[in-house]
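Student: Take a look at the letters that make up each chain.
Number of protein chains: 2
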Amino acid sequence: MDNQNRGATWPTWLPLRDDLRDQVPYGAPQLEVSTRLNTNENPFGPSKTLVKDLESAISEIGARLNRYPDRDAVELRRALAQYLNQLSDTRFSEVNIWSANGSNEVIQSIFLAFGGSGRSAVGFEPSYSMHHNIARVTGTSWITVNRVGDFVIDVESARSTIAAKKSSLVFLTTPNNPTGTITSINDIRTLGRICAEVNALLVVDEAYQEFSQESSAITLVDEFPNIIVCRTMSKAFAFAGARVGYLVANPAVIEAMLLVRLPYHLSSATQALALVALSYSRELLANVAHLRRERMRIKKELERIGVETLTSGANFFLFQTDDPKSLWKALLAHDVLVRDVGLPQYLRVTVGSPEENDRFIAALSKALGSSATG
Amino acid sequence: MDNQNRGATWPTWLPLRDDLRDQVPYGAPQLEVSTRLNTNENPFGPSKTLVKDLESAISEIGARLNRYPDRDAVELRRALAQYLNQLSDTRFSEVNIWSANGSNEVIQSIFLAFGGSGRSAVGFEPSYSMHHNIARVTGTSWITVNRVGDFVIDVESARSTIAAKKSSLVFLTTPNNPTGTITSINDIRTLGRICAEVNALLVVDEAYQEFSQESSAITLVDEFPNIIVCRTMSKAFAFAGARVGYLVANPAVIEAMLLVRLPYHLSSATQALALVALSYSRELLANVAHLRRERMRIKKELERIGVETLTSGANFFLFQTDDPKSLWKALLAHDVLVRDVGLPQYLRVTVGSPEENDRFIAALSKALGSSATG
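Chains as they are written, first to last, in this note's numbering: chain X, 257 to 630; chain H, 257 to 630.
You can take every hint at face value.
Cross-link-like lysine to aspartate or glutamate pairs, in silico, EDC-like; alpha carbons within 20 Å at most:
| no. | chain 1 | residue 1 | chain 2 | residue 2 |
| --- | --- | --- | --- | --- |
| 1 | X | Lys308 | H | Glu311 |
| 2 | H | Lys556 | H | Glu611 |
| 3 | X | Lys304 | H | Asp309 |
| 4 | X | Lys421 | X | Glu381 |
| 5 | H | Lys422 | X | Asp275 |
| 6 | X | Lys422 | H | Asp274 |
| 7 | X | Lys556 | X | Glu612 |
| 8 | X | Lys422 | H | Asp275 |
| 9 | X | Lys556 | X | Asp406 |
| 10 | H | Lys556 | H | Glu612 |
| 11 | X | Lys308 | H | Asp309 |
| 12 | X | Lys585 | X | Asp614 |
| 13 | H | Lys304 | X | Glu316 |
| 14 | X | Lys422 | X | Glu453 |
| 15 | X | Lys304 | H | Glu316 |
| 16 | H | Lys308 | X | Asp309 |
| 17 | H | Lys308 | X | Glu311 |
| 18 | H | Lys304 | X | Asp309 |
| 19 | H | Lys308 | X | Glu316 |
| 20 | H | Lys304 | X | Glu311 |
| 21 | X | Lys585 | X | Glu612 |
| 22 | H | Lys585 | H | Asp596 |
| 23 | X | Lys421 | H | Asp274 |
| 24 | X | Lys622 | X | Glu612 |
| 25 | H | Lys421 | H | Glu381 |
| 26 | X | Lys555 | X | Asp406 |
| 27 | X | Lys304 | X | Glu539 |
| 28 | X | Lys304 | H | Glu311 |
| 29 | H | Lys421 | X | Asp274 |
| 30 | X | Lys308 | H | Glu316 |
| 31 | H | Lys422 | X | Asp274 |
| 32 | H | Lys581 | H | Asp596 |
I should point out that these hints are in silico values taken from the structure, not numbers from a laboratory.
Put together the whole structure using the sequences plus the hints.
Tutor: Structure below.
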């Protein structure tokens, strides 16, 4: 599909909403390259034994696929609670968990329940652009608070915006995409308090949490009923193709999700496959540790060839260049795909397998040697 | 999950939208009974060879589940087009098809692109209540035109409402759920013309189309760019657990879907499993013919015991009773679950396997014999 902006060229018979006419579909270019480091995928695919178990799960449910799935996905939500409890020494159960087809659908449900026409949401940008995108699609006003310095949040400026705008939703991504920036658990606590004063929900998007070593905001959910934490199995669990996102929150938030969710939104296959992957969490988290070490290694190599990088708590990081567009093209010419996230001085690269990372470092060296960019 | 109405008891810190506070989650009771004829599931589960092929499909994609799915699900959309072309002698390709997690998600995307605040949608009720439900969640006003007589559409009254209300969307379900009523292709053509005059889209929900013998509204899509036809693999394909819905429309409608869809909304597993099921369409459609014959048989048996039924083009039908609530309970006492759809003189029953249907007929005979209802 072409990501073209049709602008005024939509046919007159089509009653497309006016505020969508200038939009283009979200998404990075999907190009065929040997080294794809542009969408923060985990390079380690499911192991042979895990795939075998995924197969068995489908074999087990296959003959009943004529029946609707468990509408409330209770077993999966219970397993997600157990996974989190092991990680963070919390005591969640299924009443604290909601799950959907990727964290995008979780975020959309949050907007449908608590946003919409006449309401607004605050985000700290640059950040994950789907927050803004889903706000637009659901008719929620979007208010940007700019990150400062190395893309950190100025809590005092956040305080004054949140107090002034009376927004119902505040989005905070940590580790932040695309910058990798970690917001400390203390700052999240302060933001939670600020939001509580104006009855706003603080939505902490922790898609990349397992790659950082900061405490998770899920440890604040008991104390702050207005904190919602979104997570995903796409990154640490290397399960992007299976589309499983979830949130952790007070049970009243989960009850609100039930009012806006599409019935039977999560297929029997998705529920069964996710349960299998969760049973492999030890193996999958070992890969996360491996990726953290690779992140350190690449950053050192880049410094060695004179490329500055930003501190990151995720499976990606920003590296500096004076000319992102030219360098992006130069890397592509070496069959390496990174992400131009629209920042004037940076490109974003995903931490891949050791071999992919070596190819990236070599391509970057060559590109810089030949073009003297960066 | 309890389907309770919390009304004013939502916590004060939760900024739930005012228009959702009185709602209850959508969904039929999920009860454990031997004969479940309440959600229009197809009783014939995937065959052993089909399950084997589903397994192989997962085995093939398993090791790549760390990667995101094809964002545009092109191969699946192409296969859906081919399936329809075989059925209706049309010439669709992937540019005419959009697919999502069940037809509910397809319908939600239609509302997000063409509805929303300040817009309205018309529906002919009683009908599939998710149309109204999704209208509410997306902030679209909902306008009801009552069906008349045996739940047919009065095209002239439809004309005056559509002209007066300037709605952007008109929903027509055929065969209609829960009544089974078929709207003729000629009436759909007339409605398409009426909608075109006010730049409205006519959304024809054909979830049960394969069970009827009327032409599909997809044969009108070339002539009427403002007709969108929604379909599903849940019913004829006996694939409710896999959650695959789709729509057929002019390519400009598909481009609009791309603006509101969540990126990577359809998992690699869903895409792979649906492709396998589509390759079994001949086998699965044979089951559809079987269910049509069963529908005739049960209706005759019911007439024999003095129970009136309504004509239906779907895998379910309405049967008359003076006291739906008591009869629903009496059938449940005989371990048979049917659906109380809120109509004062009817209950709805799904056509099940021959054995399930026999159990339903026996239970109904006993219930009527003992309670003298009906």
